[in-house]
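Peer 1: For the record, the sequence lines run as chains A and B. In terms of my numbering, the first sequence has 54 at position 54, counting the first letter as 1, and numbering is strictly consecutive. In terms of my numbering, the second sequence has 60 at position 60, counting the first letter as 1, and numbering is strictly consecutive.
Derived from the structure by calculation, the hints contain no laboratory data.
Derived Cβ-Cβ restraints for the label pairs, each shown as a range:
1. A:Val215 with B:His101: 29 to 35 Å
2. B:Asp141 with A:Ala38: 32 to 38 Å
3. B:Ala73 with A:Ala169: 39 to 45 Å
4. A:Asp39 with B:Glu162: 25 to 31 Å
5. B:Asp71 with A:Asp26: 20 to 26 Å
6. B:Thr142 with A:Ser200: 52 to 58 Å
Okay, the calculated bits of chain B under chain A, using three or more residues with CB under 8 Å as the criterion:
7. 25-33
8. 70-80
So these bits of chain B aren't anywhere near chain A, every CB distance computed over 12 Å:
9. Gly137
10. Asp141
11. Thr142
Where is the CB? At the ideal position from N, CA and C, for every residue including glycine.
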Amino acid sequence: MPDTDDLTPEGPRDLIAPYVFDHVDDLERRQVERLVAADPDARRELDEFREVVAAFTVDTAPPASMRSQVLASITQPAAAPVRLAEKRHKQSAAGRPSAARRRWVTLGVAAAVAAGIAVPTSIAVQSHSQQQQLQAEADVVAQMVADPTSRVLRAEVEGGGEVSALVSADRVFLSTSEMADADADSDYQLWVIDGEQISSLGLMRPEGGSTSALVEAGSGSTLAVTVEPRGGSEQPTTDPIVAVEI
Amino acid sequence: MPNPRTSQPDAIDAALSACADGNPELFAPVYDSLAPAAYGTALGVLRDPDHAAEVAQEVMVEVWQTAARFDPARGSARTWVVTLARRRAVDRVRSEQARRHRDQKDTDEKGAGGEYDMVAEHVEQRLEAAGVRRCLGSLTDTQRDAVMRAYYGDRTYREVAEDLGASLPTVKSRIRDGLIRLRNCLGVDHA
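Chain A extracted, bound-state conformation (with noise of 0.2 Å):
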């Protein structure tokens, strides 16, 4: 009897333990994650099961360059992240999104504080105007999540993965999960197919799996991510690997 009793009332519950070790798929997170907001119990069989985890950890002073460095690269408000999630959080509450929009929000928002976390973690290397730029887009996707009209277009990528892509008029907010890393010697590259012109939007860096761009393309349009050989081609040298038709 193998997967079943993943079905079962008492599977989310089982999953708590696994959850606090990281063990759990996406679809298991989110069950985990249902079940504790809903239930206290549950919480707190959670908040428990954390302190155990974390009784394992021997505290271990990290080397010494560390200090200056976070402490240098924290110059921006704690709250502010935060603070923009919410605000997308109450944005998109406003409509009556449909499931899959929901299902996006959802991603979105994550998206969007990872986006909020990224930016702060990249002043050390970053120059003052790409901080702008970043902190820009962040703000035109809690645009795009708000926007009621605004469609979600999901597609597999070969090898593994999936590529969700949140289009709100002219723009899309493409975000990949669980794809693979490139090979060291090739990289992901992002193209916009517009009838016969073929131009190259960059290349994708997934880190995790994940990774996302804000890119225009107008309806009509494909985009499509190809591998190509390290720092990516003037032309794409490859099928690709996944294509969304906007």
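Model the placement of chain B on the given structure of chain A, informed by the hints.
Peer 2: Just chain B now, kept in the frame of chain A:
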């Protein structure tokens, strides 16, 4: 035996909560108290000091950035940081694995059991220092084995079930029962 917890957990919890207002000057003492937990967690999972330092650095910036989400009612600041650090470290292990899989498809299949045995000793030494080891003695052999395998970032519980030739429900309940015994032994009680 050194106590891994900070001597003034409440003060650190309060300091972390105060960081939510965005004053960077408040963060230095929080960093000093919690960075060792972030680094220790990452090191336990990744077992590579350079990778662990990268992950810990990202985690500490995340701690600053998301301080507003820390909820002292649900656990200590240290537990919160360990949770964040563990998630990032496990993500790192998984993406490294995916990369290695493609890079050396044909090289010898690294048996999970072999890897487990290789690092088990190292981890047990660390646990000795953490004081958890005494409580692991309160688990049955199968519970202990399941919990220790789960502690690694490189096997999902499904894979642990495969390794042990046990059913998924069996492995899940071993891990859960093991954690419940550890919880009782460590005196963790949020009731």
